[in-house]
Amino acid sequence: MRLKITHKTTYSYDRAVQYALLQLRLTPRSCRGQTVLDWTSSITGGTVQVSYHDQFRNAVQLVQMDDGAETLEITSQGEIETENLNGVIGPGEGLAPLWLYRAPTPATTVGPMIRKLASGLKKEVEANPLGTVHKLSEAVAEAVTYTKGTTHAATTAEEAAQAGQGVCQDQAQVMIAAARHLGMPARYVSGYLLLDGTIDQEASHGWAEVWIAGLGWVGFDVANAVCPDDRYVRVALGRDYAEAAPVHGLRQGDAQEELCVSLQVQQ
Amino acid sequence: MTDRRFFDEMTLEGGDPRHPYSGYADWFSGEDPKALLKKSAEAEAFFRRIGITFNVYGQKDAQERLIPFDIVPRIIAANEWRQLEKGIEQRVRALNAFLADIYNKQEILKAGRLPEHIIAQNEAFLPQMIGMMPPGGVYTHIVGTDLVRTGENEFYVLEDNARTPSGVSYMLENRETMLHMFPELFTQMKVRPVSSYPAELRRSLSECAPPNFDGVKPRVAVLTPGIHNSAYFEHSFLADQMGAELVEAGDLKVVDGKVQMRTTKGYKPIDVVYRRVDDAYLDPLTFNPESMLGVPGIMDVYRAGNITIANAPGTGIADDKALYSYMPDIVEFYTGEKAILQNVPTWRCSEAESLSYVLDHLSELVVKEVHGSGGYGMLVGPAASKKELATFREKLMAKPANYVAQPTLALSTVPIMTKKGLAPRHVDLRPFVLVSPNRVHITAGGLTRVALKEGSLVVNSSQGGGTKDTWVLGD
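Protein chains in written order, with UniProt numbering: chain A, 1 to 267; chain B, 1 to 475.
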């Protein structure tokens, strides 16, 4: 499937920002299941300082807001040819070792809720890991219902599990924490999803990938109860949301920020 | 009197001087002990004037104070030094090869020569460094290899300081003091100079200019946490001596894709930064967001190849206590040679056989916490009471994997000047090593620490340790 994506993020401030640096992880890579045919990003109100690949082979741009700017606009757009792999990405690429994805991060440390969520599946995991992760995905969807506005970017997996609600990011992080608890390496993927019947999307998407012996990395989108197919575009990877976040920044001064995202994904 | 259980570096059993000390002993016998004592007091005053008041090993809570200086030099013969140099160079090359491997392909883990959990469960491993290859594969540019001696040809590496070894300003100031107090000694004996260290540091750092550097002379800066840091004196001293900029985080900013320094004439790029700020505080954008001591974006600029950070972030994984016992294997794995310098035999209490040995010999051993530092949670068997031994035994049995044990080493002695004349005291040695893509440079000298208390094996300045000038003799 050929997907056309236009993703525009606008930060507006009520006064000029003194100093702001942002790491952008907004450039998809060509990998198994997707070929980047064309991709460009443009920035107004800021300047790209450096571009490099991070420890997960994510393409990163470091952007500094221009002196006196009150608005920063980041536009990424391009075309990706995707293929339906039924979620099976396969062996990893890059140098990050598998064991790195076994250990919890602060945002994916299990607490009593996630432990309880995973405990019933412990017996089955060895005999049928794939089936177990599918069950886990269902259990997470049930335990953390999709609800907007109750969580924020820094909500931890356990907090979301305690609250019983959250967005795709929270569901993915709960899934990751629980899978690791069951002894499986797991990671976060940020990316895009073509939703049926609509071009305009509310926000970029996030899901989990779990390492299953014999298959390699397998994607699980808890929010939509599927394994990612050719409607999905993988952009950045990390051990949790924070490491794969499309934008991670630091800002000095006390200007009030307003964020506006416009995203179109179409065939 | 010299205690014969310990190797004395100055005096042989019959009372004759050992060969490296013969010249010094000759000179000493012609001196008036009272005059020397007076000189000793003068040396201290000279030292105070220079104003070294920082703490050598960086204990954060230690008060600023003067570390006592002893006027009797520690002397190492040319042939002894050559052997040490070979061993240190081999070890430091292995450390850098290990770091390059562990942050890239991890062949040593795949080969099963190092257990995965030693790295995977180690906080000193920095995931942000994965896939990062600094210029020439040099991760640890400045190394302080702590050595102890137990016999004529017996040297052991106590620890590899691969993060930010301090104390080099003591090496330089100790020599300065000795040259000032005893100029005649240096005309009589061939003592190799140490004064070129700052120039060598500058050269070595310059040779590590980042991949995208296209100028002629790289701009080098020393990044200090600031005046409140216990080693601030050393930071400013080194910057001054090597003609580099001394900067704090607030002076630096990412401009045009480089880390640049604010000057009266605008921003000037920094190509190589010798940072004395710990990893966690180095970059609030990538590491601890609360850090006020770091430069936001420096890690991005680093990964993009526009600055060299010395020592590289994440080098702590190479000098971790949990890793230490594997060093002989690490040296062999990367150099294909047996380690020239010995490791102190170490029992890993995580292994059942070792644990049972350690429990049986607790009163003879030194037991250390794997992730501890600064001597906390450590048991010195021979010095411990029965009650302390019993308490420690329980701790050890509860969490054996937290501990390693080593024999209590019979550290060599070198005399110090006391009111009653020369008296032997235990010493260790920290040589300073500089690594650039093509060269390992070891200054002929180092920092000798001495336990000033009679019989004490603890050379730490916080526990009554002092320093000595270290002489390496020329051929």
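Heads up, a few of these hints could be off.
To be verified - In the EDC-like style, the derived pairs of lysine to aspartate or glutamate whose C-alpha atoms are separated by at most 16 Å in a straight line are:
(1) B:K253 / A:D67
(2) B:K253 / A:D66
(3) B:K86 / B:E154
(4) B:K105 / A:E93
Hints listed in this document are in silico derivations from the structure and should not be mistaken for laboratory results.
Failing hints, ascending? Result: no hint breaks.
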